[in-house]
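*Asks:* If you want the building blocks of each chain, they are given just below.
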Amino acid sequence: MDKEFIITIFSENTVGLLSQITTVFTHRNVNIESITASESAIDGIYKHTIMVRNDEDKVANLVKQIEKKIDVLKVFCYTPNEVVLQELALYKVKRSRNVEDLVRRHNVRILDIHDEYIVLEKTGHRDEIRELYKMLSPYGVIQFVCSGQVAIIKSRSELLDEYLSVVNEKQRQLNSTK
Amino acid sequence: MTAGFSDNTPQETPKNDFPRISGSEAVIRSFLAEGVDTIFGYPGGAIIPVYDALYDYRDKINHILVRHEQCAIHAAQGYARASGRTGVCIVTSGPGATNTVTGLADALLDSTPVVLISGQVGSTLLGTDAFQEINFLEITQSVTKWNCQVKRAEDIPAAIAKAFYIASSGRPGPVVVDITKDAQAGMMNFDYKPINFIRSYQPYADIEESQILEAARLINLSRKPMALVGQGVILGGAEQELKEFLEKSGIPAAATLLGLSALPSDHPQYVGMLGMHGNYAPNIKNRDCDLLIAIGMRFDDRVTGDPSKFGINAKIIHLEIDPAEINKLVYADVAVLGDVKQSLPMLTEKISQRDHTAWLEEFHACYNIEREDIIEPAIERKGAHLRMGEVVDAVAQKFDDAILVTDVGQQQMFASRYFRFKQTRSIITSGGLGTMGFGLPAAIGAKIGAPNREVCLFVGDGGLQMTLQELGTIFQSEVGVKIILMNNGFLGMVRQWQELFYDKRYSFTELTNPDFELIAKANHIPYRCVERHEELDDAVSEMQQSNGAFLLEVRVEREENVFPMVPAGQPVENIRLE
Chain A
1 MDKEFIITIF
11 SENTVGLLSQ
21 ITTVFTHRNV
31 NIESITASES
41 AIDGIYKHTI
51 MVRNDEDKVA
61 NLVKQIEKKI
71 DVLKVFCYTP
81 NEVVLQELAL
91 YKVKRSRNVE
101 DLVRRHNVRI
111 LDIHDEYIVL
121 EKTGHRDEIR
131 ELYKMLSPYG
141 VIQFVCSGQV
151 AIIKSRSELL
161 DEYLSVVNEK
171 QRQLNSTK
Chain B
1001 MTAGFSDNTP
1011 QETPKNDFPR
1021 ISGSEAVIRS
1031 FLAEGVDTIF
1041 GYPGGAIIPV
1051 YDALYDYRDK
1061 INHILVRHEQ
1071 CAIHAAQGYA
1081 RASGRTGVCI
1091 VTSGPGATNT
1101 VTGLADALLD
1111 STPVVLISGQ
1121 VGSTLLGTDA
1131 FQEINFLEIT
1141 QSVTKWNCQV
1151 KRAEDIPAAI
1161 AKAFYIASSG
1171 RPGPVVVDIT
1181 KDAQAGMMNF
1191 DYKPINFIRS
1201 YQPYADIEES
1211 QILEAARLIN
1221 LSRKPMALVG
1231 QGVILGGAEQ
1241 ELKEFLEKSG
1251 IPAAATLLGL
1261 SALPSDHPQY
1271 VGMLGMHGNY
1281 APNIKNRDCD
1291 LLIAIGMRFD
1301 DRVTGDPSKF
1311 GINAKIIHLE
1321 IDPAEINKLV
1331 YADVAVLGDV
1341 KQSLPMLTEK
1351 ISQRDHTAWL
1361 EEFHACYNIE
1371 REDIIEPAIE
1381 RKGAHLRMGE
1391 VVDAVAQKFD
1401 DAILVTDVGQ
1411 QQMFASRYFR
1421 FKQTRSIITS
1431 GGLGTMGFGL
1441 PAAIGAKIGA
1451 PNREVCLFVG
1461 DGGLQMTLQE
1471 LGTIFQSEVG
1481 VKIILMNNGF
1491 LGMVRQWQEL
1501 FYDKRYSFTE
1511 LTNPDFELIA
1521 KANHIPYRCV
1531 ERHEELDDAV
1541 SEMQQSNGAF
1551 LLEVRVEREE
1561 NVFPMVPAGQ
1571 PVENIRLE
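Chains as they are written, first to last, in the working numbering: chain A, 1 to 178; chain B, 1001 to 1578.
Keep in mind that the hints are not guaranteed to be accurate.
Said to hold, decoys possible - Derived BS3-like pairs: lysine-lysine, alpha-carbon spacing no greater than 30 angstroms straight-line:
1. A:68 to B:1309
2. B:1521 to A:3
3. B:1341 to A:74
4. B:1315 to A:64
5. A:58 to A:68
6. B:1341 to B:1243
7. B:1162 to A:74
8. B:1328 to A:3
9. A:58 to A:154
What the hints assert, rightly or not - Beta-carbon label-pair distances, calculated as ranges:
10. A:175 to B:1131: 27 to 35 angstroms
11. B:1204 to A:104: 53 to 61 angstroms
12. A:31 to B:1131: 48 to 56 angstroms
13. B:1048 to A:4: 50 to 58 angstroms
As the list claims (entries may be wrong) - Here are some chain A residues the structure puts well away from chain B; computed CB gaps all over 10 angstroms:
14. 1
15. 14
16. 15
17. 33
18. 73
19. 79
20. 81
21. 90
22. 96
23. 105
24. 130
25. 131
26. 174
Source of the hints: derived by calculation from the structure; they are not laboratory data. Every value quoted in this text rests on a predicted model; they were computed, and no experiment measured them. Even glycine gets a Cβ: it sits at the ideal position worked out from N, Cα and C.
Full structure from sequences and hints, please.
*Replies:* Shown next as structure tokens:
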């Protein structure tokens, strides 16, 4: 049965890396629901967050195939309840009293005010973002953009750090046996 | 010229330790540092600087000029698989590069270590649709283990060092280093450091003791085990470790197509080849097994048939170096991740000395059925026409320790079934990709990689014509390959499927062939043709006694079928004897 998974990929920052990763998805005919990529907390290491809906075994295999890419350090796969997920959306909406009420009630930031429209920013869970869109729709949403989802795991430690300490130790041993 | 490299500022003092050389020469010197003495290639515009540098190193590097870039990479594959070393080839940008894609895919699926250096247009022209420019990194993304582009001369040694390390370590595979023309021409201080560590790439897992213990426990409890030997044993150089494991455990062992020759064919525990056209015993007994021990193999669908029915009554132990293969197609009850060269001795230590004579007898009984129904009729010198099985058998009798190279199709299956293997690295065939046209160039590479061994190529009339131009390479480079052309005037394997599954509708599988004698003659290759049983042995002897290359054309029965056969997608126990 298809379920939602959040795949986080830590990689070196090499040219074409994103295409290396997406190739694995196309090869296995898995659709990417959402993707974000940016530098991680560790210098030089990039973090990609990819959402998929698919069968659990297929996703487990996919994860291993991504990890097989030489420039990929480590891949983790989570279910939605293991992570805190957020995305960011911008709405360009016609100005009206109703809209301003909604802004007050939904903890929405106003980024820009124009004679005709206002630009709103909402950070939150995908459902909240879609919900707000629905509420604003009757008053005229001129433009809407939304980021991919970013995720942070609920467990205490960063799992990549464990991986890095293991491989750094391996490297140290290799160098000392030279 | 791009910024940031090879500034020819006169005030710069070259470091004495590091000679100042061109990027092209750095390519060649990097090869030498990796112990390369043979490369396969084809020159062209964007790789001329490397060829120019190579001109000064002709005494150190043997360059084989092929006739088509696809054959450069197939030859490098053949070389790698015969010699156990990394195959190397060089091609130019654009069409030179794209012509290698089939070979890269083949090497990826069959885990063959190959380093391909491709020329690329100057870095300032990248992305401009320049003459002979293609985005080779993007194209080869899914057919390489790794690829990279080098745009500065000083980055060449590190890229090549990384390429050799990645190609040959862990589960081997093809890598591409795409070098822009200005990087080849630029000057740099040459300093070569081999690489043995990449933080994002850990090719050898630490073997988990707990998995070894659990595997040993299952082996010790098992009453009807079978070992499935794959190419991982050969790639890991673990033939001796395999033998020790088998001889202590007493377990019958079958081989995959690529795992052939890891164990000598006459080993008392060897029970034959797995797979669609494999032997009867290891397929039919699959259902009876209570334990399958897969050693360096990946459960290809040609081996498993319907994977959900494979080993249906068996627990499965999977010894494998590539984590992505574990649980990919067949669920492993115990997975031992790591190099089989390490894990097999650990396992051997923990298992009890066992004797499975009675169980082994069951395989022998099945073999006897196959021998009577299939093998003897296939190899006997009877009938109106020569048949492929008897040809392979006749060649195997005279060439008793040769490297078998095959093309793809019926001759591939007959050859792998009826050839006999004494030592490891004795079969070179396109298993995963099934590349027709692979045989001839791979045989060239194999002979060059193992010059002291005989190389026998079995090839069909279809496959030979796919890379026929390489007869020119054989002539020019004096490559002593024995070519056995099984000419049936058909694309035989497809015709067989059309006969069995498509109502004998032979849609475009019949070939009207050229005169192969004239072709051999044009390439100065000794030739003989046989059509009758009585001539066969004499012709094989003539081929054996002839120095260097030989083309033996055998006119075989036109509509012979390969049996046994597991129909595609069915459980292996549905193996058909006719």
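*Asks:* Indicate, hint by hint, whether the structure satisfies it.
*Replies:* Going through the hints against the structure:
no.: 1; hint: A:68 to B:1309; in the structure: holds, 28 angstroms
no.: 2; hint: B:1521 to A:3; in the structure: violated, 64 angstroms
no.: 3; hint: B:1341 to A:74; in the structure: holds, 26 angstroms
no.: 4; hint: B:1315 to A:64; in the structure: holds, 23 angstroms
no.: 5; hint: A:58 to A:68; in the structure: holds, 15 angstroms
no.: 6; hint: B:1341 to B:1243; in the structure: holds, 11 angstroms
no.: 7; hint: B:1162 to A:74; in the structure: holds, 19 angstroms
no.: 8; hint: B:1328 to A:3; in the structure: holds, 19 angstroms
no.: 9; hint: A:58 to A:154; in the structure: holds, 24 angstroms
no.: 10; hint: A:175 to B:1131: 27 to 35 angstroms; in the structure: violated, 46 angstroms
no.: 11; hint: B:1204 to A:104: 53 to 61 angstroms; in the structure: holds, 60 angstroms
no.: 12; hint: A:31 to B:1131: 48 to 56 angstroms; in the structure: violated, 38 angstroms
no.: 13; hint: B:1048 to A:4: 50 to 58 angstroms; in the structure: holds, 53 angstroms
no.: 14; hint: 1; in the structure: holds, 18 angstroms
no.: 15; hint: 14; in the structure: violated, 8 angstroms
no.: 16; hint: 15; in the structure: violated, 7 angstroms
no.: 17; hint: 33; in the structure: holds, 22 angstroms
no.: 18; hint: 73; in the structure: violated, 4 angstroms
no.: 19; hint: 79; in the structure: holds, 19 angstroms
no.: 20; hint: 81; in the structure: holds, 24 angstroms
no.: 21; hint: 90; in the structure: holds, 32 angstroms
no.: 22; hint: 96; in the structure: holds, 47 angstroms
no.: 23; hint: 105; in the structure: holds, 47 angstroms
no.: 24; hint: 130; in the structure: holds, 34 angstroms
no.: 25; hint: 131; in the structure: holds, 39 angstroms
no.: 26; hint: 174; in the structure: violated, 5 angstroms
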